[in-house]
Amino acid sequence: MNVLTLLADINITWYLFPLAAVISLVYSASRYELPERILSRATRLFLTILFFMGTVLVVLLALSF
Amino acid sequence: MFDPRIPHKNPHVAAVLTYLVPGAGQIYQGRIFKGVLYLVCILSTLLCGLALSEWKAVYWRWEPGEKNIAFFAQGGIGLIALPALIQSRRYHHPDNQQAVPEGGLSAPYQGRAQIIDRNIDGFIFGEIMLKSVVGDFGPEVRGTFSGTLQQEEDGPLEPIKLSLGGQILIEEKVAVDHHRRLECPVFAVVDGEEREIGYLRGEIPRSFFNRFAVPLEDDDLKRLHGSLAKQFELAKVFTWIAGLLNLLAVWDALDGPAYGYGDEDEEGTDEKKPKKNASGPAAV
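Protein chains in written order, with my numbering: chain A, 1 to 65; chain B, 66 to 349.
Here chain A stands alone, though its shape is the one from the complex (with noise of 0.2 Å):
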C-alpha cells in the first residue's frame, strides 16, 4: 500500500514520462523486428513527444500572462 500511497501524492504531469516511454517502445516495437531498430526509433519518438508536449507547455505559460 505504501507504494500506491507514493503513487497518488506524485503530480500527475510525471505520468507522462513513463506513459510516453511506454507509447514510443510499443509503437516502435509494431513498425520494426530489430531490437536496435526499434530502441533506436523509439528513443526519437519519445524526445519528439516530450519536445511537443514541452513547447505546448511554454505556449500555455506564455498565453496565462
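In case anyone wonders, no lab produced these hints; they're calculated from the structure.
Don't take every hint at face value.
Anything over 10 Å on all C-beta distances counts as not near chain B; from chain A, calculated [claimed, not checked]:
{"hint": "1", "residue": "F17"}
{"hint": "2", "residue": "V22"}
{"hint": "3", "residue": "I23"}
{"hint": "4", "residue": "T43"}
{"hint": "5", "residue": "L45"}
{"hint": "6", "residue": "A62"}
{"hint": "7", "residue": "S64"}
{"hint": "8", "residue": "F65"}
Have a look at the derived ranges for each label pair, beta carbon to beta carbon [as the list claims (entries may be wrong)]:
{"hint": "9", "chain 1": "A", "residue 1": "T43", "chain 2": "B", "residue 2": "G168", "range": "56 to 64 Å"}
{"hint": "10", "chain 1": "A", "residue 1": "F52", "chain 2": "B", "residue 2": "R154", "range": "36 to 44 Å"}
{"hint": "11", "chain 1": "A", "residue 1": "I10", "chain 2": "B", "residue 2": "H158", "range": "34 to 42 Å"}
{"hint": "12", "chain 1": "A", "residue 1": "L63", "chain 2": "B", "residue 2": "I134", "range": "30 to 38 Å"}
Partner residues are not named here, just some residues of chain B that face chain A (Cβ under 10 Å, in silico) [claimed, not checked]:
{"hint": "13", "residue": "I71"}
{"hint": "14", "residue": "V81"}
{"hint": "15", "residue": "L117"}
{"hint": "16", "residue": "F137"}
{"hint": "17", "residue": "E167"}
{"hint": "18", "residue": "G168"}
{"hint": "19", "residue": "G169"}
{"hint": "20", "residue": "Q296"}
{"hint": "21", "residue": "L299"}
{"hint": "22", "residue": "K301"}
{"hint": "23", "residue": "N311"}
{"hint": "24", "residue": "L313"}
{"hint": "25", "residue": "G321"}
{"hint": "26", "residue": "A323"}
Heads up, the beta-carbon is just placed ideally off N, CA and C, and yes, glycines get one too.
With chain A held as given, fit chain B onto it using these hints.
Same frame as chain A, now just chain B:
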C-alpha cells in the same frame, strides 16, 4: 508486413495469445525481445492504471443512461476484458441477490452488538454462520455468531455466542466494496418462548475475486471520484492506453511489423528509399 525472416508460426494463434496476454503471441512465435517488451510495457501500464484506481477502473456496464464506452479501449487486453464480462454476468445474476446461499454462509464477522435485555452494547468480532432452513412460515435464515465482545475501548474481552435469525440484511456477494454489510436480529429463548432480544450490525469480508472488475453503480462512481479525484481519471487513461497499445501488438503478431524488418536503411541516411522486400515495379 510479411517478411520471411520473421517466424510467424500460426499467426492466428499468436494473435489470440497476444490478445489474451500482451506479448504472449510473440513469445510463442519465438520473437522473445518483442514479446517481453510488449508484456512489460503494456502490462505495467495496465497494472499501474488498475492500482491507481483501487482495481476498479475496468468494468463492463451497458445500461440505458450509463454505458461504459471506455471498455472498448480497455477491452484490447483479454486478460482484463474477459474477467470484466464474466463479473458483469455474475453481478447481474439472480443468485447474486440471494441473501444466503443454499450451502450456507460462514465468514469472519465484525461489527456492533446491541442486546438490551443483557445490557450488551459493544464491538464484536468472530465467526458468523448462517443457513437457510424451512421454518413454520416457510424458508427462513438461521445461524449463530461466536466470538469476542468488547463493551468499552480498552475494556475486557469476553467470549460471546449468539443465536441469529429473522429478517437478515446482507449485501450482494459480488459487488465493488471490500466488505459486505450484514445486519441481523439476535434471538434467545425467554420464558420458554423464542423472541428477538437485540441486533447485530457489521460486515463480512468480500474476496478479491468477488469485487474485481465488477460493474460500478452511480453511487460507487461518485464515491470513487470523491475519494480519488484526478487519480481515478488518470487511472482510466492508463487502462485505455494499455488496451489500445495491445491492439498494435495483436496486429504485429498477426501480420508482422508494419514498416519492415528494420534493416532497410541501416546507414540511417536515406529512410525514403524503397524497401528491399517491398513489391513494386522494380521487382518486376
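Results for each hint:
| no. | hint | result |
| --- | --- | --- |
| 1 | F17 | 13 Å, holds |
| 2 | V22 | 4 Å, violated |
| 3 | I23 | 7 Å, violated |
| 4 | T43 | 13 Å, holds |
| 5 | L45 | 13 Å, holds |
| 6 | A62 | 24 Å, holds |
| 7 | S64 | 19 Å, holds |
| 8 | F65 | 25 Å, holds |
| 9 | A:T43 x B:G168: 56 to 64 Å | 58 Å, holds |
| 10 | A:F52 x B:R154: 36 to 44 Å | 43 Å, holds |
| 11 | A:I10 x B:H158: 34 to 42 Å | 39 Å, holds |
| 12 | A:L63 x B:I134: 30 to 38 Å | 32 Å, holds |
| 13 | I71 | 6 Å, holds |
| 14 | V81 | 17 Å, violated |
| 15 | L117 | 6 Å, holds |
| 16 | F137 | 19 Å, violated |
| 17 | E167 | 36 Å, violated |
| 18 | G168 | 33 Å, violated |
| 19 | G169 | 33 Å, violated |
| 20 | Q296 | 6 Å, holds |
| 21 | L299 | 5 Å, holds |
| 22 | K301 | 12 Å, violated |
| 23 | N311 | 8 Å, holds |
| 24 | L313 | 4 Å, holds |
| 25 | G321 | 7 Å, holds |
| 26 | A323 | 5 Å, holds |
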